[in-house]
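Enquirer: For reference, the chains in residue letters:
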Amino acid sequence: MKKIFVAAILASLAFPLTAQDVQKQIDRYRELLADGNPAELLEMRGEDLWKQKRGPKNASMEACDLGLGAGKVAGVNAVLPRYFADVDRVMDLESRIVHCEVTLQGFTMAELTKRPHSLNQSERQTDHEALTAYVVGQSRGAKVNLPQSHPKERESFLRGEKMFFFKGGPYDFACATCHGVDGQRIRLQDLPNFQKADNAQRAFTTWPAYRVSQGAMRTMQWRLLDCFRQQRLPEMEFLSPASIDLITYMGVKGKDGTMDAPAIKR
Amino acid sequence: MNIKRRQTIKAGSSLALVAAAISAGVLPTSAFADWNKAAFEAKNMADVLKALGGASAEKSADIVITAPDIAENGAVVPVAVASKIAGTQSISILVEKNPSSLAAEFDILPGTEPNVGTRVKMGQSSNVHAVVKAGGKYYVATKEIKVTLGGCGG
Amino acid sequence: MADPMRIRAQQKGDVTEVRVLMAHIMETGQRKDSAGNIVPAHHIQTVTATWNGKPVLSANFGPAVSQNPVMNFTFKGGAKGEKVIVTWTDNKGDTRTDEAVIS
Amino acid sequence: MKIKFLPFAAVAFVLFTGGCATMQPGPTAVDTSREVESLARRFPPGAKAPTDAEIVALLKASFKDSPSAKLDRLDQTPLQMACTEASRSGKPLDEKLRDGLQAAALASVKYPADGKYLGDWKRGKAIAQNGRGLQYTDKVGDVAGGNCYACHQIDKKEIAHGNIGPSLTGYGKLRGQTEPIVKYTWARIWNSHSFNACANMPRFGDAGILTEAQIKDVMALLLDPESPVNQ
Numbered sequence: 001m002k003k004i005f006v007a008a009i010l011a012s013l014a015f016p017l018t019a020q021d022v023q024k025q026i027d028r029y030r031e032l033l034a035d036g037n038p039a040e041l042l043e044m045r046g047e048d049l050w051k052q053k054r055g056p057k058n059a060s061m062e063a064c065d066l067g068l069g070a071g072k073v074a075g076v077n078a079v080l081p082r083y084f085a086d087v088d089r090v091m092d093l094e095s096r097i098v099h100c101e102v103t104l105q106g107f108t109m110a111e112l113t114k115r116p117h118s119l120n121q122s123e124r125q126t127d128h129e130a131l132t133a134y135v136v137g138q139s140r141g142a143k144v145n146l147p148q149s150h151p152k153e154r155e156s157f158l159r160g161e162k163m164f165f166f167k168g169g170p171y172d173f174a175c176a177t178c179h180g181v182d183g184q185r186i187r188l189q190d191l192p193n194f195q196k197a198d199n200a201q202r203a204f205t206t207w208p209a210y211r212v213s214q215g216a217m218r219t220m221q222w223r224l225l226d227c228f229r230q231q232r233l234p235e236m237e238f239l240s241p242a243s244i245d246l247i248t249y250m251g252v253k254g255k256d257g258t259m260d261a262p263a264i265k266r
Numbered sequence: 001m002n003i004k005r006r007q008t009i010k011a012g013s014s015l016a017l018v019a020a021a022i023s024a025g026v027l028p029t030s031a032f033a034d035w036n037k038a039a040f041e042a043k044n045m046a047d048v049l050k051a052l053g054g055a056s057a058e059k060s061a062d063i064v065i066t067a068p069d070i071a072e073n074g075a076v077v078p079v080a081v082a083s084k085i086a087g088t089q090s091i092s093i094l095v096e097k098n099p100s101s102l103a104a105e106f107d108i109l110p111g112t113e114p115n116v117g118t119r120v121k122m123g124q125s126s127n128v129h130a131v132v133k134a135g136g137k138y139y140v141a142t143k144e145i146k147v148t149l150g151g152c153g154g
Numbered sequence: 001m002a003d004p005m006r007i008r009a010q011q012k013g014d015v016t017e018v019r020v021l022m023a024h025i026m027e028t029g030q031r032k033d034s035a036g037n038i039v040p041a042h043h044i045q046t047v048t049a050t051w052n053g054k055p056v057l058s059a060n061f062g063p064a065v066s067q068n069p070v071m072n073f074t075f076k077g078g079a080k081g082e083k084v085i086v087t088w089t090d091n092k093g094d095t096r097t098d099e100a101v102i103s
Numbered sequence: 001m002k003i004k005f006l007p008f009a010a011v012a013f014v015l016f017t018g019g020c021a022t023m024q025p026g027p028t029a030v031d032t033s034r035e036v037e038s039l040a041r042r043f044p045p046g047a048k049a050p051t052d053a054e055i056v057a058l059l060k061a062s063f064k065d066s067p068s069a070k071l072d073r074l075d076q077t078p079l080q081m082a083c084t085e086a087s088r089s090g091k092p093l094d095e096k097l098r099d100g101l102q103a104a105a106l107a108s109v110k111y112p113a114d115g116k117y118l119g120d121w122k123r124g125k126a127i128a129q130n131g132r133g134l135q136y137t138d139k140v141g142d143v144a145g146g147n148c149y150a151c152h153q154i155d156k157k158e159i160a161h162g163n164i165g166p167s168l169t170g171y172g173k174l175r176g177q178t179e180p181i182v183k184y185t186w187a188r189i190w191n192s193h194s195f196n197a198c199a200n201m202p203r204f205g206d207a208g209i210l211t212e213a214q215i216k217d218v219m220a221l222l223l224d225p226e227s228p229v230n231q
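Protein chains in written order, with this note's numbering: chain A, 1 to 266; chain B, 1 to 154; chain C, 1 to 103; chain D, 1 to 231.
A couple of the hints might just be wrong.
To be verified - BS3-like, lysine-lysine: derived pairs with alpha carbons at most 25 Å apart:
id, chain 1, residue 1, chain 2, residue 2
1, A, Lys24, B, Lys43
2, D, Lys173, A, Lys152
3, D, Lys60, B, Lys97
4, B, Lys143, D, Lys116
5, B, Lys84, C, Lys92
6, A, Lys24, B, Lys50
7, C, Lys32, B, Lys37
8, B, Lys97, D, Lys156
9, C, Lys54, C, Lys83
10, A, Lys72, A, Lys152
11, A, Lys24, D, Lys157
12, A, Lys152, D, Lys60
13, B, Lys43, C, Lys83
14, C, Lys92, B, Lys37
15, A, Lys24, D, Lys156
16, D, Lys173, D, Lys157
17, B, Lys84, B, Lys50
18, B, Lys84, C, Lys76
19, B, Lys146, D, Lys156
Calculated from the structure, these hints are not laboratory results.
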């Protein structure tokens, strides 16, 4: 008995941690984190903002049509990006929120897109982040099902697909370099493979997310901006056509996933 | 009272709430311990204990720390502590290798269960101590938590 | 300006479980800004909770409590519909009080 | 010139035959459900498939030019173009094309003029941990890191390592410090496309990510018997 005990101690010293051990413990960390998500604070702030009369036109956002009809907020993030006839193009959630702030409240595009994301740690989250948090939170439990019947919706997907595989920059990286293979990790963070439905669902349904490493909730637009930064491409423009096409691609790949955002992540 | 504070209370529309609470004797400040500056500035467990009014702490198996073995990020490490020691008066969470060890201290009032949780910052892998005061004596349990670097690296 | 807390209080048998989310920067006083200057400490120092006028928790936080703090505690008693009131105060004197109805 | 390099390629083949699956993880082929999707579904009336030129133009319209990350990063090299198509279609490169790209990559490798390949493993350790550099948020001329741990296991004590590349634990201990090994390792770091046209690993020397001195330090981390990698 004693021998076995000593052997066990020696073994644990010789092989500090197996990859499975580490993964189990990381899963445990994530489970404990999920118990309290500060993104809820931002959702509350966003709800107040949504209902507040703001801007030169002194109007609230409550009449905004996010894709399921004017004033309807529940479930919209599960069907976006989609085609909007009033602008004759495909818009993602964040583009549509900004669109409503311009058309309903009279804000200018320039002021809304100047600095949509707060800085790390040191700054209060922006109104854009708060509004996005609120709207996204109202889609929890909704099944992802982006419409693809309009030619422009399909074209957005096809462009997004091509962009996903586009290798460029000094590192020769494409989105697919990290997100096109099963079981890959950067450091200890697993990388969803968008060619697998369950992976794509998990990724699409858990963004936006509160990032504990930044002390802030980050939107899907930010997620892409920062992926491209790590990819060593130039700075992605907020609400750019490429961002919308890539979100369409991810959303179509994540079909039938159940929305669970804002989530909480490292 | 500074202006900022007044604005805060007003903006939160909780002025009435606070006033009502005070007049009803709901917030008898004396019931709550003052913030112990010396304890929060102490660099190690011995100095924290001294600042809290103790001397040494006895190891105890009746203190249970619930926390991950590995933290994916040191900025947020969930730590919960439950004490089965009779007459638990306070529970403190200390991170040994932080610049100041004491992270949080909870007074266990009559009626409070000796079971609390929060999240702490850890600058690096470190021992985390749960110090329990009971019957005027101090007890401690310790758990090592590894902090890892993560993400794409920059 | 302090944002509201999110408080959940749930009766479970003869105890009530309380979970509090607080919006606060919890600046450590050790971080440098982009210009290289130390950002002064700014953190919650005390958190108190009452139920039916009775104190049920008192906590002291240092700057090592994470940004946007999460705090969970449990007290004996509590019935559905009763109120739990939570107040925090930080080192700059800012304070915030919010309440939740026990469910 | 070519003949001189052949032995290194041969060494590479021997070293990594066992680990090819992990060495060259190309993205998995596009799923079959999409392949068999009817044309009508794929292209609703009026929907057009985008051309490569349209994609580049759209990307350029979607990114901002800045001194530290210019828009020309979106102009693909022939290798980037070929490997984009290979991963999108799930079909490997044509052999001739592949060999040509690999030969060009190998020809790009600059070996140290002073003939010294190994620097300081302690500095190499820091370079392997550092993930900064070449981002639009960086300043031109900022020192970059190698970020090796993002993809590789190296020092066994560092548990936060990725798995996109193979484990490099015990690299020098297993392989020794013979000239072919040393030169192969250098070439692999300088331009990994020399041995696998569509390798995921960045061209640390060729793309100017690390300096020659930094690569020497990383070499020491891998090959120096004193390095923790070889303990």
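Enquirer: Could you tell me which of the numbered hints above are not met by this structure, giving the numbers in increasing order?
Expert: 1, 2, 3, 4, 5, 6 and 13
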